[in-house]
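**Student:** Protein sequence lines, in the order shown, are assigned to chains S and L.
Under my numbering, the first residue of the first sequence carries the number 1, and numbering increases by one thereafter.
Under my numbering, the first residue of the second sequence carries the number 1, and numbering increases by one thereafter.
I should point out that these hints are in silico values taken from the structure, not numbers from a laboratory.
Backbone N, C-alpha and C define an ideal beta-carbon position, used for all residues, glycine too.
Take every hint as true, because none was put in to throw you off.
Examples of chain L residues toward chain S, derived with CB under 7 Å: (1) G42; (2) P43; (3) L91; (4) K103; (5) F106; (6) G107; (7) S108; (8) G109.
Simulated DEER-style distance windows between Cβ atoms: (9) S/A78 - L/T20: 39 to 49 Å; (10) S/F46 - L/G72: 14 to 24 Å; (11) L/Q17 - S/Q60: 42 to 52 Å.
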Amino acid sequence: GESVGLHLPTLSVQEGDNSIINCAYSNSASDYFIWYKQESGKGPQFIIDIRSNMDKRQGQRVTVLLNKTVKHLSLQIAATQPGDSAVYFCAENIGTSGSRLTFGEGTQLTVNP
Amino acid sequence: DTGVSQNPRHKITKRGQNVTFRCDPISEHNRLYWYRQTLGQGPEFLTYFQNEAQLEKSRLLSDRFSAERPKGSFSTLEIQRTEQGDSAMYLCASSFRTVRNEKLFFGSGTQLSVL
Numbered sequence: 001g002e003s004v005g006l007h008l009p010t011l012s013v014q015e016g017d018n019s020i021i022n023c024a025y026s027n028s029a030s031d032y033f034i035w036y037k038q039e040s041g042k043g044p045q046f047i048i049d050i051r052s053n054m055d056k057r058q059g060q061r062v063t064v065l066l067n068k069t070v071k072h073l074s075l076q077i078a079a080t081q082p083g084d085s086a087v088y089f090c091a092e093n094i095g096t097s098g099s100r101l102t103f104g105e106g107t108q109l110t111v112n113p
Numbered sequence: 001d002t003g004v005s006q007n008p009r010h011k012i013t014k015r016g017q018n019v020t021f022r023c024d025p026i027s028e029h030n031r032l033y034w035y036r037q038t039l040g041q042g043p044e045f046l047t048y049f050q051n052e053a054q055l056e057k058s059r060l061l062s063d064r065f066s067a068e069r070p071k072g073s074f075s076t077l078e079i080q081r082t083e084q085g086d087s088a089m090y091l092c093a094s095s096f097r098t099v100r101n102e103k104l105f106f107g108s109g110t111q112l113s114v115l
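The following block holds chain L by itself, in its conformation from the complex (with noise of 0.2 Å):
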């Protein structure tokens, strides 16, 4: 499976335990980008890297977040102290940007529950 690769596919965690999500990008991506998806909404932006450097990082993603990708390949996020109100799926997306476009190719997605 050359795909984007999400692991776990299901967490289920108490409120205040901190959880960690891994994704390994498709192998030549150079991009790498972390999405959260509610129920009937389309995916929000959270952060993206090119590489290993982190370029950007949306509001959204409270100092309770945070994403790494130390060697530019596999990229993990961390949520600390999770809230009931984190419950959501987790998207990873890799892409490959050219000149003229940049395409997304999205994972399964993580779906975490905080009960």
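Just chain S, with the same shape it has in the complex (with noise of 0.2 Å):
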């Protein structure tokens, strides 16, 4: 399943599928990007990060695509499954300073048992 962003908020997918959300940056100087995942009545909680010299980033289970060309960022969940429900959101940073992380709207991932 995909999301596409602000235009669609939601993204419902099936226990075992890949899972992408997507997040379009406003500042084509931000250096810096974080995912952050966040659970109903909790903070947000890291995901995974990348620097604006890198296209591509994995982790477990998670990937991270940059393309600055269209300031474009994605996530990629691979074999989804029930506790990655959470609203998604993205993360743009000019520097190293933490001060000026600016959050997108989020993206509800629901996923069906």
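Mind docking these for me? Both chains are given alone in their own frames, and the hints should help you get the complex.
**Tutor:** Next up, the structure:
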């Protein structure tokens, strides 16, 4: 399943499928990007980050892709599990200063068993 | 529990009252942030501290808001003369900045409801 960010803030997938969550960022000067997962009643939880000198970074079951040409970021989750159900936010940052962390709107991912 | 701790988890107050929230960051982190989040939106930056120094404040932080981190450890966020528009989740985050990146670790937040 795949989201288109602001125009489709919800994504529903079957357990075991791969998920793709998209994010369009706003500032061409942003050079550090982070994906956060937020479950109901909890604060955002760090998933994975990527600097602008990279196009791709992989973690455990997650991959982040960065396309600076079109200012687009995506999060791929492999073999999605019910525990992955949450709201996912991308955040952009200029320099290494967290003070300018700007969050996107978020995408609600629902994983159906 | 070695994560970021926030108290209280929930606060209900009447318009015009003052409220204060507390944040205890991860102990070795030198930076502490306050963000505000409304339903369905991403967190918005309010202010941050490096040790005890408040280095930046967002224009979202009106004069009714004040934050302190007196000893460079825990922090408090006070809202005076609360308004209904202040109702939101107030999130605290901490980090240890390195040359390459700065990962923010968030607490569970304080949910404020102004009646």
